[in-house]
Every structure is written in structure tokens, then in C-alpha cells.
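Since chain A is already given, all that's left is putting chain B on it; use the hints.
Residues per chain are reported as follows:
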Amino acid sequence: EPEVTQTPSHQVTQMGQEVILRCVPISNHLYFYWYRQILGQKVEFLVSFYNNEISEKSEIFDDQFSVERPDGSNFTLKIRSTKLEDSAMYFCASSVRRFNEQFFGPGTRLTVL
Amino acid sequence: AQSVTQPDIHITVSEGASLELRCNYSYGATPYLFWYVQSPGQGLQLLLKYFSGDTLVQGIKGFEAEFKRSQSSFNLRKPSVHWSDAAEYFCAVGPSETSGSRLTFGEGTQLTVNP
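These protein sequences, in sequence, are chains A and B. Heads up, the first sequence is in this note's numbering, so the first residue is 1318 and it goes up one at a time. Heads up, the second sequence is in this note's numbering, so the first residue is 212 and it goes up one at a time.
Read the hints as simulated data drawn from the structure, not as lab findings. Possibly wrong hints are sitting among the right ones.
Derived EDC-like pairs: lysine to aspartate or glutamate, alpha-carbon spacing no greater than 16 Å straight-line [said to hold, decoys possible]:
#1 B/Lys260 with A/Glu1418
#2 A/Lys1395 with A/Asp1380
#3 A/Lys1400 with A/Glu1335
#4 A/Lys1359 with B/Asp219
#5 A/Lys1359 with B/Glu318
#6 A/Lys1374 with B/Glu308
Counterexamples of contact, computed for chain A against chain B with all Cβ distances above 12 Å [to be verified]:
#7 Phe1382
#8 Glu1385
#9 Gly1389
Backbone N, C-alpha and C fix where the C-beta goes; we use that ideal spot for every residue, glycine too.
For reference, chain A alone in the conformation it holds in the complex:
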């Protein structure tokens, strides 16, 4: 059964460093998403992406964040200069169409020291 994959599973970085989190969505899906879950808190929406552009973003998704689909399979989330409060589990998701169910990857745990 096709699934969303994410790499790495765990990333440790120093405050102020740039990180890139990678995702491979399900191959026939057209909509891609990033969510995050700070330890002990709700899963929060960050951004959705369709047709090579951002279709929606939350207030969390500020100028420090960017997304890209660099090729036909990968979908990346870049955090330009990490802060301590960026430590969280980051989930990638994809869906066939905009209002279909979203399928999630296993997540990348980001730890900012």
C-alpha cells in the first residue's frame, strides 16, 4: 500500500542553523501539507501546496519557513534560522484532491539546541 515517507526521522540542530525536512508524498496525490506537533500540544497546520505554489498557510508559517517541490517526487520544508521553539514533530501529508482525506507520514522529530 502506498504511503507517505519522511526523512530524516530525527534531526538535531543548533539554534540559528537552517534545516530541510524531506517528504515523498503518495505518487498520484496532488495536494501536499505540513503540520507540526509540539510535545504535549495539538497537531497544527502549517501550509498546503498545490500546483507548485502555496495554496494556504497558517499564522505559524512565517518568513522563516518555506516549502518546495524540487522534483517530481520530493516535497521539502525549510526552516531558515531555527529557534528553540521550532522543536517539534513535523508531519508531511498528501491527498488526491483538496477535500479528500489526508494521509500522513511518520514524522520528523526536530530538536533545536
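Using the frame of chain A, we list chain B on its own:
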């Protein structure tokens, strides 16, 4: 704005007992509703979804959920819990024309299963 409340942070049941996890939502129209499960170290796995039609929906792993518009609820049930069901369960609402493509999640309910 849409929102989801899961009133129970932690529930403990014995193996073989029945289970009901509560979910209440706030939404302006007919919602799309979901239940996801997260096992330790795992991602979010979709258990079931409600888009329209029959208000009792069946999911994977023997779970079902009932949409009750009058109560703004979408409670998850299982008649007999297995030890492997121990996990965190999230209710979510969305997406829609008004809220966009985002899913809005509840706080989650941690399920412990006693032998």
C-alpha cells in the same frame, strides 16, 4: 472558525472492554470529520472518515464512529478493545470551502489498555 474538543485527555480500559472516545466539533456547515490514531513513534494513521450520508461509519481495526449533528459530536467506538489499541487518538475536522484545506485537530486522547 472550526474547532475540535476531545474532553478526555486519558482513558484506561481493560482488554476486552468496550471503548468510546468523545469528540465535539464547532463548525458552520456539514463537516468533514476524521479519526486518526498515533502509536508511539509512529505517524498519524487514518482510522475512519465522515463526509456525508450514513451517520454511522466503519473504519479499520474494528472501529466505528457516529456523527450526531444535534450534539455536534463524532464519537469513536470499539466493542472490544485489544492491547494493541493502546495509542493516542485524534479527532479532526475539515477541510472545507470556508476553512480551506487545513485539518483542525483536537487535543488527543491517550488510551491505556490494561491486561
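Hint by hint, here is what the structure shows:
{"no.": "1", "hint": "B/Lys260 with A/Glu1418", "in the structure": "8 Å, holds"}
{"no.": "2", "hint": "A/Lys1395 with A/Asp1380", "in the structure": "10 Å, holds"}
{"no.": "3", "hint": "A/Lys1400 with A/Glu1335", "in the structure": "10 Å, holds"}
{"no.": "4", "hint": "A/Lys1359 with B/Asp219", "in the structure": "14 Å, holds"}
{"no.": "5", "hint": "A/Lys1359 with B/Glu318", "in the structure": "5 Å, holds"}
{"no.": "6", "hint": "A/Lys1374 with B/Glu308", "in the structure": "15 Å, holds"}
{"no.": "7", "hint": "Phe1382", "in the structure": "15 Å, holds"}
{"no.": "8", "hint": "Glu1385", "in the structure": "18 Å, holds"}
{"no.": "9", "hint": "Gly1389", "in the structure": "21 Å, holds"}
In summary, this structure violates none of the numbered hints.
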